[in-house]
Amino acid sequence: MKFIEVKDLKIEFTKIDESGREVPGKVALDGISLDIEKGSFVAIVGMNGSGKSTLAKCFNGLLAPSSGRVIVDGFDTAEEAHIWDVRSRVGMVFQNPDNQIVSSIVEDDVAFGPENLGVEPKEIRRRVDEALKRVGMYELKDKGAHMLSGGQKQRIAIAGAIAMRPECIVFDEPTAMLDPKGRASVMSIIRDLNAESITCVLITHFMSEAEQADRVIVLKKGKVLCDRTPEELFSDREMIEKAGLEMPPAIEIRDKAGLPERLTTAEDIADYVANH
Amino acid sequence: MIRDITLGQYYPGDSWVHRLDARTKIIATLLYLIELFVVNNFYGFLITAVALFAVIAISKVPLKFIFRGLTAVFLIIAFTFVLNLFMVDGRVLWHWKFLTITYEGLLRAFFMAVRLVLIIIGSSIMTLTTKPVELTDGLEKLLSPFSKIGLPSHEIALMMTIALRFIPTLMEETDKIIKAQQARGADFESGNLFQRAKSLIPILVPLFVSSFRIAQDLALAMEARCYHGGPGRTRMNEIRFERADAVAAVLMVLFLGVIIASRFI
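Just so you know, the sequences run in chain order A and B.
99 is the number of the first residue of the first sequence in the numbering used here; add one for each residue after it.
368 is the number of the first residue of the second sequence in the numbering used here; add one for each residue after it.
No lab work stands behind these hints, which were simulated from the structure alone.
Treat the hints with care, as some may be off.
As the list claims (entries may be wrong) - Here are some of the chain A residues that sit facing chain B, going by a computed Cβ distance under 7 Å: (1) R185; (2) Q198; (3) A209; (4) E213; (5) N214; (6) G216.
Each residue gets a CB set at the ideal place from its N, CA and C atoms; glycine is no exception.
Use the sequences and the hints to build the structure in full.
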């Protein structure tokens, strides 16, 4: 079942010229069409400036299409009347852990989303506790947000999204500013959420993360370059080079060590090495 | 250091004082501050101090925490003390060139210093026992009657929440900018006052720019979390006026009576 439908989406930024008139600026997305299935785990990759973050902001109506349509669970994101229906269904986690936390105290920040939705106080309390337990931060619920590490802050941001009970969460490079430990913890939470049938869209520039998705969409200059499973994508060296990306480290090691090409995931390769 | 002043000020606990409605605490603190100006003799201060330390004992906040707040304003207290000491006319106790200490001056200096210390301790009790969010929520509720005449009470409270939240973030940002500028050879330590003030410009400009960037990010994150202003919003911790608050209110009124009576001792 389709959860998000993107039809011929075009995003064109306008700029103001010297005489104060609006003139067409950069075209960030140029005719994107894709569907995101309910419960799937989709990674979106591409070079800097390929439009991946812009696309992420279209999924919950933070950006309205210049032309084309984005339909989320039957609601058009361009319609003002349904914008809160869209945003309560599609949660979002941003790149900078510091700049998305609103309240000083951990649990108050997680409560911010449900409070905005007008949920009953007792129900908010239940959701906040549950969300904090899911990201493993329940013990720190009374702490000041500024005392936490980057990875912990990002887990709070994820808890803030979970507490709104969305059906889909869009992660816009959530690990870009984290250390390896923080990255690993955020990725494991994303996999757990997806296992609990929450649709996950992960924007990333780490191929080792894209590799964990069901499906990888590669963007280049605002267009979809290819859309396939990670196994298919990472066995096509030509495509990876064309997109300006890199192979995941596990695949690089496989090829350098001359291991068989049928091994496509990090786990397979690790198992193979362990058994030989 | 500023980290300690802002957030370290909340001392987590579950005492009777912690559990009071934030509105009760705001009003009690305001009333207490007014009472300090009603007091006109040392007996009044003695009564106030006893009451204050009783509240501190109930709140279970360590005295160490409370006195830490005092050290930050020690200079102001010392300044007022010295100023009062030498500026008041009356019976001369000590005289040296142009400096004169009078009996009245000495009394007045002590009086003002005690008043300042009590003001600072009293108001720090409020921030130490109330979470920032509860404090701003309480303020929003207290100001809400004025929203009918156009006072944006919800927006004021949210602004305070965000300001409190971002002080540590901006401190870190400032630190980063200072280090970056020093790495480029900036000198913040030498020269006269004017030159030093001028050398702050390379810190302030990037800080200003980056605070706009933070604001933009935060606004986007808030929108993504369905923020659409005050109407229709609920609260996780509803602040409720309970029996303890009624007891506190009665005590407040009684105390006001005692303080007014103390003027006539």
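Hint-by-hint comparison with the structure:
| no. | hint | verdict |
| --- | --- | --- |
| 1 | R185 | 5 Å, holds |
| 2 | Q198 | 4 Å, holds |
| 3 | A209 | 4 Å, holds |
| 4 | E213 | 5 Å, holds |
| 5 | N214 | 4 Å, holds |
| 6 | G216 | 5 Å, holds |
In this structure, none of the earlier numbered hints is contradicted; all agree with it.
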